[in-house]
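Visitor: In order, the protein sequences belong to chains A and B. Note that our numbering has the first sequence beginning at 1, numbered continuously upward. Note that our numbering has the second sequence beginning at 1, numbered continuously upward.
No lab work stands behind these hints: they were computed from the structure. Check each hint, because a few of them may be wrong.
[To be verified] Listed next, with one range per pair, are the computed distances between beta-carbon atoms: (1) A:39 - B:18: 17 to 25 Å; (2) B:20 - A:78: 35 to 43 Å; (3) B:182 - A:78: 47 to 55 Å; (4) B:198 - A:3: 42 to 50 Å; (5) A:63 - B:159: 19 to 27 Å; (6) A:11 - B:18: 34 to 42 Å; (7) A:41 - B:17: 54 to 62 Å; (8) A:33 - B:159: 36 to 44 Å; (9) B:140 - A:19: 52 to 60 Å.
[Unchecked claim] Below, in silico cross-link-like pairs of lysine to any residue (SDA-like), each with a Cα-Cα straight-line distance of 20 Å or less: (10) A:41 - A:61; (11) A:11 - B:64; (12) B:148 - B:61; (13) A:11 - B:159; (14) A:41 - A:70; (15) A:11 - B:161; (16) A:11 - A:35; (17) A:11 - B:103; (18) A:11 - B:113.
Note that the coordinates shown come from a computational prediction; the quantities given were computed from them, not determined experimentally. For glycine and all other residues, C-beta sits at the position ideal for the given N, C-alpha and C.
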Amino acid sequence: MARVAVDVVIKPEILDPQGKAILAALARTGHPGVSSVRQGKHFDLEVDDSVSDDDLEEIAGGLLANPVIESWTVTRVDPPAPQPEPAAAEAAL
Amino acid sequence: MTSATGSGPRIGVITFPGTLDDVDAARAVRFAGAEPVPLWHADADLRGVDAVVVPGGFSYGDYLRAGAIAAQAPVMRAVVEAARRGLPVLGICNGFQILCEAGLLPGALIRNASLRFICRDQWLRVENPSTTWTSRFEPGAEILIPMKNAEGCFVAAEPVLDELEGEGRVLFRYIGDGPAQGNPNGAMRDIAGICSPDGRIAGLMPHPEHAIDPLTGPTDDGLGLFFSVLDLLGAAAKVGA
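Build out the structure end to end from the sequences listed, making use of the hints.
Guide: Below is the structure:
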């Protein structure tokens, strides 16, 4: 099992009215130094070893994000523990 | 009005969990003189229908993105396959969002620029009256039908927009002057509805199925879409609406 994070953001050229509303609220609540907010989505996935990086790209681009309006990044947060080299394992003993 | 049950074209109307407008869509189909056939989201069976209407609502609670989950439903897999073979398909509101998410139509629908849910009767211009779902309209016809959505802002890349315009695939555009008319949601190039290259797959945000009878809608302008597809299916409706 591994944990995977997928972050989805609206492409820069696409209007993000929610981000604009948040920006306006930040200005009202005493944070005028914030100049831009873009609202996105974050997904935490737990996947087994059969799920390849290509599978994750398909999952992200085919369902979690809409490529017309959004871009995404896939990050393996918790990669499977690498199998120790036999020699290294012995050396550690 | 007479029922066309058992004869004439059969037009499927899909129901997803959260669909609202399947009953009105079925009523519009019946009003135009065809037989509405209920289709269920979990069945990949189109029951041999001659066309499909994907109606409006909030399928799967608009989870993820409006239409994103519905686009993966078993019935949509069947619709995509049949549409690629030429089956006429009309997506209304959430149905339009679903067709875009399913890849049958280009572009996407995002949150209205105002961030508000907008519910009003909307003037549209029919930009191409020679397609499967618009052939009953006069060139340049202006129609008034209800619109009600929070995610109706049509967006697509500039080359896609140019292609849609160049190929006559912009079917409906928002028009009208005054604070309550014109482009309601920031849609690129005022686009309210588009179609596939062959015109058989169409989607629009406003609701023609709510405008089929002056008793219950602002006009009966919406009937034109349903009469149009019936013309194509070889059975011009004889029912006086």
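Visitor: Could you see if the CB distance from residue 41 (chain A) to residue 17 (chain B) stays within 54 to 62 Å?
Guide: violated (22 Å)
Visitor: For residue 198 (chain B) and residue 3 (chain A), compare the CB-CB distance with the range 42 to 50 Å and indicate the outcome.
Guide: holds (45 Å)
Visitor: Against the 20 Å threshold, does the CA-CA distance of residue 41 (chain A) and residue 70 (chain A) hold or violate the hint?
Guide: holds (10 Å)
Visitor: Could one say that the CB atoms of residue 20 (chain B) and residue 78 (chain A) fall in the range 35 to 43 Å?
Guide: holds (42 Å)
Visitor: Given the hinted pair residue 11 (chain A) and residue 35 (chain A), is their alpha-carbon gap at most 20 Å?
Guide: Between residue 11 (chain A) and residue 35 (chain A) the Cα gap is close to 17 Å, so the pair holds against 20 Å.
Visitor: Quick one, are residue 11 (chain A) and residue 113 (chain B) close enough, alpha carbons at most 20 Å?
Guide: holds (16 Å)
Visitor: What's the verdict on residue 11 (chain A) and residue 161 (chain B), does the C-alpha distance respect the 20 Å limit or exceed it?
Guide: holds (17 Å)
Visitor: For the pair we were handed, residue 148 (chain B) and residue 61 (chain B), check the Cα-Cα distance against 20 Å.
Guide: At roughly 16 Å apart (the allowed maximum being 20 Å), residue 61 (chain B) and residue 148 (chain B) satisfy the hint.
Visitor: CB of residue 182 (chain B) to CB of residue 78 (chain A), is that within 47 to 55 Å?
Guide: Holds: the Cβ-Cβ distance is about 51 Å, inside 47 to 55 Å.
Visitor: Would you check the hint for residue 11 (chain A) and residue 103 (chain B), treating anything up to 20 Å between C-alpha atoms as holding?
Guide: holds (19 Å)
Visitor: Holds or violated: residue 11 (chain A) with residue 64 (chain B), Cα cutoff 20 Å?
Guide: The hint holds at about 17 Å.
Visitor: In this structure, is the beta-carbon distance linking residue 33 (chain A) and residue 159 (chain B) contained in 36 to 44 Å?
Guide: holds (37 Å)
Comparing the model with each numbered hint stated earlier shows that hints 6, 7, 9 do not hold.
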